[in-house]
Amino acid sequence: MIEPIKPPPRKNPLLRTRLPASPPRPRSRISHGFTRAAAEGRFMLQCCAACGSFAYPAREACPSCLSAGLAFVDAPRRGTLLAETTARVPSDVYFRERAPWRIGLVKMDCGPTIVTHLHADCAEGAAVRMSLQLDKSGQAVAFAHPEGETPNMADDKQWREMTADPKFRRVLVTNGRSVIGQEVVAALKAAGAKTVFVGVAEPWRPFAGEKLLRGQDGIEIVTLDAADEKSAADLAADIGGKVDILVNTTEYVRPGGLLDRRGTSTARDEIDQAYLGFINLAQAFGPAMRMRGADGISNSAAWVNILSIYALANWPAFGAYSASQAACLSLSHCLRAELRPGGVRVMNLFTGPVDTEWFQTVPPPKVAPRAIAQAIVSGLRGGLEEMYVGDVAEEIRQRLAANPKALERELDR
Amino acid sequence: MTNTLRTPYDGVAIAAPVTIPYVRYSIESAQWWIGRALSALVAQAGIKASDIDGLCVSSFTMGTDSGVGLTQHFGLCVRWLDTIPLGGASAIAGLRKAARAVQAHDADIVACVAGDTNYVDSFRLTLENFSRFNQDAVYPYGAGGANASFALIARNYMRTFGVTREDVGRIAVAQRTNALRNPYALMKTPLTLEQYLAARPISDPIHLFDCVMPCAGAEAFLVMRDETATSLGLPAARLLSTIERHNAFADDPMQVRGGWAMDIGELYAMAGVKPDDLDVVQTYDDYPVITMMQFEDLGFCKKGEGAEFVRQHDLTIDGDFPHNTSGGQLSVGQAGAAGAYLGLVEGLRQVLGTAGPTQVSNASVALASGFGMINYDRGLASGAAILAGPSR
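Which chain is which? The protein sequence lines are A and B, in order.
Going letter by letter, the first sequence gives residues 1 to 413 in our numbering.
Going letter by letter, the second sequence gives residues 1 to 392 in our numbering.
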């Protein structure tokens with residue numbers, strides 16, 4: 001039974017902010033099969049193609065038949081907690097400052113036994129449901145949950161280390177002029193965020209949906225034009241130490257590719273807004289977020305990017321836009337590596353065309369802005385790193401994995 | 001008793017038990033400790049270093065060195081060499097390999113040595129880099145090290161067989177009593193059962209006095225043929241039998257028995273002795289609950305009766321079941337891989353009658369066991385040996 005966490009008191013500015021430490025990071029190469037699964041919230045184990053037995057920890061050959069055909073497959077999540085212990089004096093700094101820390105050994109229904117982090121409501125001898133999570137090192141770890149729902153389950157101390165739950169956290173949504181931005185603000189507020197700062201460039205200029213933001217409890221409109229280096233820096237000077245989650249909702253969608261859109265002025269705008277805007281935001285807010293990764297219950301926890309699925313495969317109809325998104329995707333991996341020492345996760349949410357003005361001519365299916373907002377909340381609560389929202393994004397992902405050349409040819413229509 | 005087709009260890013002599021007294025922390029390297037042990041072997045046996053033509057070495061903290069680097073380091077020219085990375089099973093494994101080497105005349109005098117240093121951070125580094133499965137799937141979970149891994153095993157074992165902390169504590173308390181007679185033991189104050197029970201928890205149900213203290217030190221002995229020992233005028237023990245097993249009972253969901261249970265019939269059959277014939281027993285005691293498991297798996301009682309066995313026997317030097325007479329790793333300290341040697345070297349002293357203050361009177365047959373390498377969820381390596389002194 002878990003006590004609900006309480007809203008953190010106002011921070012005492014005289015006290016030192018605890019610097020983040022990371023849990024042990026080294027892993028074998030093959031064991032990053034779990035990292036891939038955890039990034040997307042899947043539970044995968046190695047399963048032998050020859051004899052069908054599941055294996056764990058990550059192996060190079062099947063311990064039942066020595067076959068090398070050990071693919072990671074989605075696996076049944078149910079198991080039984082055989083034994084637990086509470087580590088009270090760990091040898092590593094990260095765990096030492098979080099001790100006591102509970103771990104256990106779970107016998108999976110599908111065979112292997114797994115050393116795992118435990119949710120507080122897991123009981124010895126009882127069934128558990130396993131997941132793979134990314135810890136504060138960004139590495140995959142096993143996590144055992146009680147089989148059913150329990151009160152205040154998401155407030156478990158060990159679980160909160162694995163996630164970036166918006167509850168009691170302060171969030172910066174970088175662009176409140178867009179429908180997506182407004183939906184994200186509403187969803188985060190509903191998810192228990194303490195404060196949502198909403199960036200609006202030139203806020204004296206009226207905009208659609210303004211009423212949803214202005215004068216609302218826990219929502220603060222702040223001046224931010226991400227494409228403007230000084231604007232981002234000014235805002236960070238003001239609220240940089242209070243941003244626990246940053247959701248980059250910058251949008252700049254223009255149709256066209258190379259040959260039929262003469263000159264570079266539109267391309268330059270795309271780069272200014274999306275790519276350089278990302279750099280400005282990262283340089284303004286990243287350093288403080290990385291410092292505050294262990295700053296109590298409302299530590300800085302996540303950076304969210306909303307990217308076009310065409311970052312992964314160029315869609316010539318929106319070819320230059322696709323390229324700007326690919327640049328942002330690449331940059332996000334750099335940001336992920338640089339925020340990692342702070343335990344701050346970078347979540348990329350990939351979407352197909354959104355049901356907004358600039359995709360007016362694109363046939364359905366299109367993604368509703370609200371679906372993106374809800375996915376962000378569920379991704380933060382689940383501690384994910386990659387999300388594919390909507391049917392188009394999911395389909396592109398699958399086609400890309402199946403045959404990238406086929407996808408390239410077929411996007412050219 | 002099982003029949004065995006294995007060749008007896010006829011003509012094998014074990015001599016020159018060496019312990020380089022332990023220290024909690026050392027600024028010297030593992031190579032320094034191993035060097036001291038080799039020097040002591042040579043001095044005790046009255047040989048020259050150049051007489052050593054076989055070397056078997058175990059260490060966790062030699063860095064990039066293996067046995068071959070040590071030959072040049074120490075000016076040895078050997079024709080038989082082994083580096084054994086089996087943790088707590090290294091001594092038994094080294095002994096049985098060396099025994100076969102001298103029996104086959106591949107070598108005449110094999111020095112078996114284990115030594116480790118303990119810098120202030122070397123234990124943590126050993127934990128971090130212990131094994132691939134450990135690095136992938138154990139250490140990132142609370143970084144509790146062996147304490148946490150054995151806590152899971154202990155909890156399951158204690159619950160399954162109704163064992164209490166008090167039962168387990170008797171083993172630790174008796175060993176401390178023994179250690180008070182060993183001038184080299186790092187633990188020098190008495191331990192009562194009350195103190196044991198009141199100790200702070202480390203990783204439930206493992207409490208402070210269930211844990212060994214990491215330290216620096218070295219242990220060694222020589223293996224040769226009878227005639228070599230005789231010509232050197234060296235008192236020597238005979239090797240009656242050995243067993244070794246790795247990754248036994250892989251289908252047990254949790255470890256409640258070690259590999260000894262697979263091979264115990266052979267251990268006694270080959271030696272031609274029964275558990276009752278043993279005068280002294282040295283188990284591998286990284287956690288007393290593992291010792292209790294060994295009492296069962298080594299045939300002193302049935303599975304599940306370890307607690308009752310401990311209640312019924314006095315495990316001290318003067319008791320009816322002299323066990324870990326030096327004080328064991330729990331009270332002497334765990335000098336890395338030398339911890340594997342501690343019991344075997346002490347057992348060797350016992351049957352040679354040279355154990356001094358910890359000597360069990362008239363000890364002539366000793367059993368020493370080893371256990372090591374908690375690679376993932378269980379200790380993988382197990383072994384045991386039975387030695388007989390010249391009086392038998």
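Hints listed in this document are in silico derivations from the structure and should not be mistaken for laboratory results.
Idealized CB from N, CA, C, for every residue including glycine.
Watch out, some of these pointers could steer you wrong.
[To be verified] Here are the simulated distance ranges between beta carbons: (1) B/Ala198 - A/Glu147: 49 to 59 angstroms; (2) A/Glu40 - B/Pro275: 22 to 32 angstroms; (3) A/Cys334 - B/Gly63: 27 to 37 angstroms.
[What the hints assert, rightly or not] Calculated lysine-lysine pairs in the DSS-like style (CA-CA distance at most 30 angstroms, straight line): (4) A/Lys6 - A/Lys194; (5) B/Lys48 - B/Lys303; (6) A/Lys11 - A/Lys167; (7) A/Lys107 - B/Lys274; (8) A/Lys405 - A/Lys366; (9) A/Lys107 - B/Lys303.
Hint check results:
The beta-carbon spacing between B/Ala198 and A/Glu147, approximately 37 angstroms, falls outside the hinted interval of 49 to 59 angstroms. For the hinted restraint 22 to 32 angstroms between A/Glu40 and B/Pro275, the CB-CB distance of approximately 56 angstroms leaves it violated. Between A/Cys334 and B/Gly63, the C-beta spacing of about 35 angstroms keeps the proposed range 27 to 37 angstroms intact. As the CA atoms of A/Lys6 and A/Lys194 are separated by approximately 12 angstroms, the hinted pair is consistent with the 30 angstroms bound.
Simply put, B/Lys48 and B/Lys303 have alpha-carbon atoms about 48 angstroms apart, too far for the 30 angstroms limit, and the pair is violated. With a C-alpha separation of about 17 angstroms, the suggested pairing of A/Lys11 with A/Lys167 holds against the 30 angstroms cut-off. Restraint check: the Cα-Cα separation between A/Lys107 and B/Lys274 comes to about 38 angstroms, which exceeds 30 angstroms; the hinted pair is violated. Simply put, A/Lys405 and A/Lys366 have alpha-carbon atoms about 24 angstroms apart, close enough for the 30 angstroms limit, and the pair holds.
Our distance criterion of 30 angstroms between C-alpha atoms is met by A/Lys107 and B/Lys303, whose separation comes to about 23 angstroms.
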